[in-house]
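> Once you've looked at the hints, dock chains B and C against the given chain A.
Read top to bottom, the protein sequences are chains A, B and C.
Residue numbers in the first sequence follow my numbering, run continuously in steps of one, and reach 138 at the last position.
Residue numbers in the second sequence follow my numbering, run continuously in steps of one, and reach 276 at the last position.
Residue numbers in the third sequence follow my numbering, run continuously in steps of one, and reach 414 at the last position.
Be careful, since some hints might not be right.
A few chain B residues that face chain A, going by a derived Cβ cut-off under 7 Å, partial list only [unchecked claim]:
hint : residue
1    : T189
2    : D199
3    : R218
4    : A219
5    : T239
6    : P241
7    : Q253
8    : I274
Note that these hints are calculated values from the structure, not bench results.
Note that this is a predicted model, so its numbers are computed, not measured.
For every residue, glycine included, the Cβ atom is placed at its ideal position computed from N, Cα and C.
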Amino acid sequence: MVYREEIQIETAGHGDMQEITKRVEAIAGRSGMQAGIVHIFNVGSTGMIGTIEYEPGLERDLPEMLDRLVPPSLDYGHERAWNDGNGHSHLQSTMMGSGITVPFAAGELLLGEWQQIFHMEADIRPRNRRLLVTVIGE
Amino acid sequence: MVYREEIQIETAGHGDMQEITKRVEAIAGRSGMQAGIVHIFNVGSTGMIGTIEYEPGLERDLPEMLDRLVPPSLDYGHERAWNDGNGHSHLQSTMMGSGITVPFAAGELLLGEWQQIFHMEADIRPRNRRLLVTVIGE
Amino acid sequence: MVYREEIQIETAGHGDMQEITKRVEAIAGRSGMQAGIVHIFNVGSTGMIGTIEYEPGLERDLPEMLDRLVPPSLDYGHERAWNDGNGHSHLQSTMMGSGITVPFAAGELLLGEWQQIFHMEADIRPRNRRLLVTVIGE
Numbered sequence: 001m002v003y004r005e006e007i008q009i010e011t012a013g014h015g016d017m018q019e020i021t022k023r024v025e026a027i028a029g030r031s032g033m034q035a036g037i038v039h040i041f042n043v044g045s046t047g048m049i050g051t052i053e054y055e056p057g058l059e060r061d062l063p064e065m066l067d068r069l070v071p072p073s074l075d076y077g078h079e080r081a082w083n084d085g086n087g088h089s090h091l092q093s094t095m096m097g098s099g100i101t102v103p104f105a106a107g108e109l110l111l112g113e114w115q116q117i118f119h120m121e122a123d124i125r126p127r128n129r130r131l132l133v134t135v136i137g138e
Numbered sequence: 139m140v141y142r143e144e145i146q147i148e149t150a151g152h153g154d155m156q157e158i159t160k161r162v163e164a165i166a167g168r169s170g171m172q173a174g175i176v177h178i179f180n181v182g183s184t185g186m187i188g189t190i191e192y193e194p195g196l197e198r199d200l201p202e203m204l205d206r207l208v209p210p211s212l213d214y215g216h217e218r219a220w221n222d223g224n225g226h227s228h229l230q231s232t233m234m235g236s237g238i239t240v241p242f243a244a245g246e247l248l249l250g251e252w253q254q255i256f257h258m259e260a261d262i263r264p265r266n267r268r269l270l271v272t273v274i275g276e
Numbered sequence: 277m278v279y280r281e282e283i284q285i286e287t288a289g290h291g292d293m294q295e296i297t298k299r300v301e302a303i304a305g306r307s308g309m310q311a312g313i314v315h316i317f318n319v320g321s322t323g324m325i326g327t328i329e330y331e332p333g334l335e336r337d338l339p340e341m342l343d344r345l346v347p348p349s350l351d352y353g354h355e356r357a358w359n360d361g362n363g364h365s366h367l368q369s370t371m372m373g374s375g376i377t378v379p380f381a382a383g384e385l386l387l388g389e390w391q392q393i394f395h396m397e398a399d400i401r402p403r404n405r406r407l408l409v410t411v412i413g414e
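So that you can see chain A by itself, here it is in the shape it has in the complex (with noise of 0.2 Å):
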């Protein structure tokens, strides 16, 4: 079986991280399916979808090592193209990757108790971002 339903978020920019744990459970949960696995996916080349203890400290790092290893710079081969001023944001996006998968039983995520869904903003700009989340299951 297949179930599908979206997310819609608006993000402030580069490095605004939000928390879609408890979003992405009642997509399971409504899926009623009793086992299976959960797929979020950020439709988009500049946002990112990973699992991380969700909390303020953690919210800073993230943004702060990605800027440290892929820094904005003019430098890029997009930036020579596009002159867009986003060519870390893709190369974040491309590194940590467009989405997850997560096991689910009963309606409810298995996940760590610190181990929580995020979605990251890569781009330079706020964005409206479309999240698919898939549950396939029995």
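This is chains B and C only, laid out in the frame that chain A set:
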């Protein structure tokens, strides 16, 4: 339901990127399923699959970023053991991941307009690559 | 169809890697399914799952690479909030990912000859880890 096809590509060696979006989408179409997920997997430990805005700037930037973060070096334990010059290839591949999952519906991949699926060769020589595309849905 | 088993492992602390390919393959076999995907997920926010050529050189190189890119530091916001010394553990785990998906057929994982599945402990102390292995297929 499960449907699988294999994509074969020839790569030109380290940092060679190829877009495979249309080939993956055609497989989702041939599956005959109406909704679900598509999993794309690189068989082998020195290639990677991801999503990116596929354009010449980023096609240069991604391999450069990976070589900056995880550079070629003779100091890797892998080199001391095997002396085959591709320690960084393995590490880049493990960091980026061997596969991704993408949602689809009615024969179309649910990607953003500027979001494509790529394969990147991380090994130091040309390779023939087998990519396994598994469609799961109904 | 959905089939799930749990793998339990004891880790020796930060950077400890363990190969779990055979244990995952045995679960795919016990599922009785003929084709599909296997999802392997680390429950908790300081462990990771990936694929690698599992050999002693890379077993040393991967943790070293991660500590070089995302080093231990008391400057992380996570440390200022919690002071538990594992800010880098969280960031390394989020960057690498909590889980992967691998295709299988007829009880065999469709990996390359030199491509294995590993768990790496990123936390700074030994942990008992629960890995959830979910088989989806037919």
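> Please go over all the hints and tell whether each is borne out by the structure.
Hint check results:
Restraint check, T189/B versus chain A: the minimum CB separation of about 5 Å is within 7 Å; hint holds. A cut of 7 Å between beta carbons decides the hint on D199/B: the least distance to chain A is about 5 Å, and the hint holds. With 7 Å as the threshold, the beta carbon of R218/B stays out of range of chain A, its nearest partner Cβ sitting at about 26 Å, so the hint is violated. Taking 7 Å as the C-beta cut-off, the interface hint given for A219/B is violated, the closest approach to chain A being about 27 Å.
The restraint placing T239/B at the interface with chain A holds, with a minimum CB-CB distance near 6 Å, inside the 7 Å limit. The beta carbon of P241/B is positioned within 7 Å of a beta carbon in chain A (closest approach about 5 Å), and the interface hint is therefore held. Using the Cβ-Cβ criterion of 7 Å, the hint placing Q253/B at the interface with chain A is satisfied: the shortest such distance is roughly 4 Å. Taking 7 Å as the C-beta cut-off, the interface hint given for I274/B holds, the closest approach to chain A being about 6 Å.
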